[in-house]
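*Asks:* These are the residues of each chain, in order.
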Amino acid sequence: MIAAVPTFAVVGHPNKGKSSIVSTLAHDDSVRIAPDPGTTVACRAYPMRVDDEVQYVLVDTPGFQRARRALAWMQERETHAGAHRDVVAAFVAEHRGTGGFEDECELLTPLLEGAGILYVVDGSTPYGPEFEAEMEILRWTGQPSMALINPIEDESHVEEWRAALGQYFKIVRVFDAHEAPFESRLELLRGFGQLAETWRGPLEEAVAVLAEERLRVHRRVARAVATMIGEMLVHTATRKLSYDADAALYEASLEQSWKDELRDRERAGRREVERLYGHRHIEREETAFEWLEQDLFSTDHWFFWGLNRRQLVASGAAGGAVLGGAIDVSVGGASLLLGSLVGAALGGAGAWWSSTRLTRMIVLKLPMGGRLLRCGPVQSTNFPYVVLGRALYHHARVAGRAHANREALALAEGEDRENWVERLEPARRRELDRIFRDTRDGEERTADLAECLVPLLVEGDAPGS
Amino acid sequence: MNVGRIPLRQIDLGRVVDLASQLEADATLDADALRRRDRTLGRALSARVDDATDRVSAWLDGLREGSGPSAGERALRAQRVLRTLLALAGLGIGVGTALAVFAYDGSHPVNVVQVLAVFVALQLATLVATAVIALPEAWRRRVPGLAALQDVLRLVSPGRAAPALRRALGAEQREAFDRAAGLAQRHQRLYGDAQKWALLVGSQLFAVSFHVAALVTAMALVGFSDLAFGWSTTLEVDGARLHGVSNALSSVWARAIPDAVPTRELIEQTRYFRGAAGTPVDPQQSAAWWRFLLACMACYGLAPRVLVLAFANWRQRVALARVFASLPGVAELRDRLDSRWVATVAAEEERESPLSSAGARAARQTRPARVTAVRWSGVPIEEDAVSVLVRDTLGAEVDGQLAGGAGASLDDSQLIEALAAVDAAPLFLVKAWEPPILEVLDLLTELRAACGEGRPILVWPLSLDEEDRLVPARGADAKTWARRLDAVGDPWLDVVIRTELA
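Going down the list, the sequences are from chains A and B. To convert, note that position 333 of the first sequence is 332 in numbering that gives the first Met the number 0; the numbers rise steadily by one, no gaps. To convert, note that position 490 of the second sequence is 489 in numbering that gives the first Met the number 0; the numbers rise steadily by one, no gaps.
Fair warning: there could be bad hints in the mix.
[Claimed, not checked] Only pairs whose alpha carbons sit at most 25 angstroms apart, straight line, appear in this in silico DMTMM-like list of lysine to aspartate or glutamate:
1. B/LYS478 / B/ASP489
2. A/LYS239 / A/ASP85
3. B/LYS478 / A/ASP153
4. A/LYS239 / B/ASP464
5. A/LYS258 / A/ASP245
6. B/LYS478 / A/ASP263
7. B/LYS478 / A/ASP440
8. A/LYS169 / A/GLU203
9. A/LYS258 / A/ASP50
10. B/LYS478 / B/GLU466
11. A/LYS169 / A/GLU112
12. B/LYS478 / B/ASP441
13. B/LYS478 / A/GLU152
14. B/LYS478 / A/GLU204
15. B/LYS478 / B/ASP464
16. A/LYS364 / B/ASP177
17. A/LYS239 / A/ASP263
18. A/LYS258 / A/GLU271
19. A/LYS364 / B/ASP441
20. A/LYS239 / B/GLU466
21. A/LYS169 / A/ASP153
FYI, nobody ran anything at the bench for these hints, they're computed from the structure. None of these values were measured; they are calculated from a predicted model.
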């Protein structure tokens with residue numbers, strides 16, 4: 000019996016990663032994953048819906064708890080192989096609600112309703128005879144099946160498992176639920192189509208929809224990051240002052256508030272990106288995302304996240320040369336390109352000098368009386384690159400993170416991280432320069448920045464990035 | 000929502016305020032619920048409305064169906080009231096100005112030069128100022144001094160009087176107007192252009208009203224009173240020069256209304272000096288000026304203002320449409336409306352696990368000197384190795400060994416019977432990497448019933464080291480076993496874990 004909508008019950012021994020696989024495939028980090036057996040006590044469906052139309056359903060199930068005794072009960076009532084499925088149905092009917100085989104009844108129910116079997120084992124621990132009763136019961140249901148080897152810690156016993164599982168399942172695949180990149184997840188979903196011919200079409204369509212949705216997520220993230228950078232670039236903090244107040248007394252506290260507000264905005268941007276990728280619980284779980292917790296205003300790290308000094312000077316010199324060139328043109332070349340040379344020198348020197356200069360305080364007179372002390376907007380040309388560098392780094396980690404992964408986000412020790420600006424095409428770099436400059440000047444360029452960021456985000460989402 | 004009844008409306012201030020309010024309210028809602036709601040509306044709309052901005056507009060109407068006047072509608076009414084007040088002010092000042100400029104008490108004629116100065120020269124100068132204000136935003140950054148000049152000109156623009164007139168509004172309208180102003184202040188980058196054109200629309204409304212009133216007043220004075228016209232100036236201007244100017248000014252209508260073009264004779268004959276004795280000009284002869292003056296007022300005062308008003312109005316609509324399409328949150332809204340809603344997460348909450356670690360902790364007791372070892376579910380260890388491991392690690396002697404669990408020749412009841420029949424304490428050697436499932440707990444419970452209280456039962460989780468040798472378990476696996484067996488609540492059930500051995 001095959002369900003009309005492709006349905007897959009993820010079954011197996013307790014603590015072998017069933018919930019992890021479901022969590023990663025369903026992009027749902029709310030799935031409870033714990034070392035104690037029996038954490039999952041009831042079936043939970045994860046329907047993949049497109050505009051309310053269900054494409055397929057994953058069902059997380061409790062693990063087998065009394066497989067040997069359940070099989071013994073069935074074997075006592077066995078008449079012939081053709082009646083195996085009826086015996087399993089009778090087992091469920093007799094024990095449902097009695098408390099004796101609650102987990103077995105729960106996990107067998109979706110199979111009796113037509114779900115395919117995804118039997119999950121841990122490839123990092125050895126094969127044992129206790130699994131045979133489970134596999135035998137599953138065989139008795141007569142449902143199409145596939146075995147998934149989930150190497151929770153390492154792959155040391157994968158081959159041993161492959162040999163054992165091959166005797167019970169036609170299809171055996173290895174799938175690391177904690178590390179699987181997006182492409183592997185799609186590949187596995189596509190593979191589920193092998194279980195039944197009628198499921199192949201809907202699964203292919205579902206995979207296409209998920210791939211398309213991923214591209215949309217990139218665009219949404221680009222928009223979120225662009226909005227964040229745009230707001231951070233023009234952000235100011237103000238404080239009203241009376242005419243006789245000494246502005247200097249308030250400068251430190253106002254600058255502190257301004258910095259805090261920018262830090263909060265960056266954090267809010269990160270949460271938004273995580274939400275867009277379906278990571279809603281990452282904040283609670285992570286405590287040590289050390290690289291990003293380095294302070295946004297720690298200028299020692301600015302050359303790591305943003306433009307390095309050479310790039311800054313080159314950028315400043317190019318801008319200066321353009322301005323100086325205008326003077327050369329206006330005098331008909333009589334200056335012998337002196338304008339360009341001087342402009343480049345001044346621009347480069349200015350960029351070097353202001354590379355870590357954050358902002359300045361201004362006291363403004365109010366039309367209705369009184370004064371206004373203003374901190375911001377940020378002045379450093381490197382700042383938007385720093386924010387963007389940090390956002391791209393965070394995005395790459397979040398996009399590549401499987402939803403079953405509950406460990407703290409951290410940069411691998413000794414990772415030699417290439418400066419991302421170095422990889423930028425010159426045209427894109429110039430475009431970013433222009434957008435940042437226009438934004439600083441008060442022009443609305445969020446949509447353009449978002450468009451410019453999409454390829455960078457796609458690159459960050461590629462496996463191995 | 001009945002999509003079929005949604006009439007698509009032009010984008011005006013009210014639409015922008017309503018959209019901004021709706022997006023602000025939506026920002027507090029759950030993202031998934033929002034996505035679902037908007038996609039449902041989006042699917043209904045996509046078949047009926049092609050343009051993306053129109054879909055947003057229709058979406059807004061769909062959400063607002065059945066409620067009273069919106070904040071946007073109130074803001075729009077407030078704007079209309081303020082503009083009406085501006086127009087009334089223009090009318091009043093126009094009438095006053097015309098009465099002053101065309102004042103004639105019989106002593107001195109109406110000075111044509113003054114009329115031209117007020118209704119032509121001054122108007123052309125203010126038109127230039129209007130054009131400067133209207134220059135694109137991008138020019139502000141590129142033309143040195145332009146930003147400052149625009150700011151100064153804006154300060155003296157009559158459109159700026161609109162906010163000052165807000166006291167004339169009712170409480171609701173004032174609140175809606177303030178809301179719109181606050182919105183513009185928060186999103187200055189977006190609203191800058193729209194604000195500029197709104198200012199110019201206000202100014203031009205004032206100016207058109209001014210010119211209409213002035214023109215009508217002048218016509219009334221011409222029609223219902225007797226006016227005498229002459230020209231007089233301290234400047235060294237002769238009749239020929241003024242004739243040149245008047246010819247240039249009347250070139251626009253010269254063919255259509257030849258009577259409205261002053262002749263050289265008229266100009267020469269109507270010059271006067273206030274200090275000269277007697278009647279300066281012949282009133283009957285000088286009356287020929289009125290056609291020319293009214294034509295000047297209509298052509299150089301009113302007409303350009305009407306054109307600029309129409310232009311500013313159009314540009315304001317364009318700017319508002321741009322704001323409408325690019326308000327923060329609109330891109331996301333379009334995405335929600337037009338992209339398929341894809342969900343993979345669970346439809347309902349996960350049921351709470353009944354597991355608890357609050358069971359009775361096994362009493363710490365002296366370990367038995369003799370044990371019967373049970374190799375559980377094929378734990379990979381040879382019989383000889385069991386004795387050595389137990390002796391070396393636990394300091395106990397192995398009296399006998401049995402195999403139980405999966406793959407063993409004894410079933411559970413036979414195993415329990417065999418263990419209950421000997422004095423040595425049962426010691427279960429289990430795989431630490433396999434979790435303690437209910438099958439094991441059932442067996443331990445049944446064994447306790449068979450052995451009676453007080454007899455120690457030991458469970459020893461073993462792990463594999465890097466070389467696949469069995470060693471006492473430690474870490475998470477050992478703790479899982481200890482926690483799970485503690486929950487059984489058997490005080491004589493002891494879980495041997497490495498930390499204790501250490």
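*Asks:* Starting from the hint list further up, note which numbers the structure goes against and sort them upward.
*Replies:* 2, 4, 6, 7, 9, 14, 19, 20
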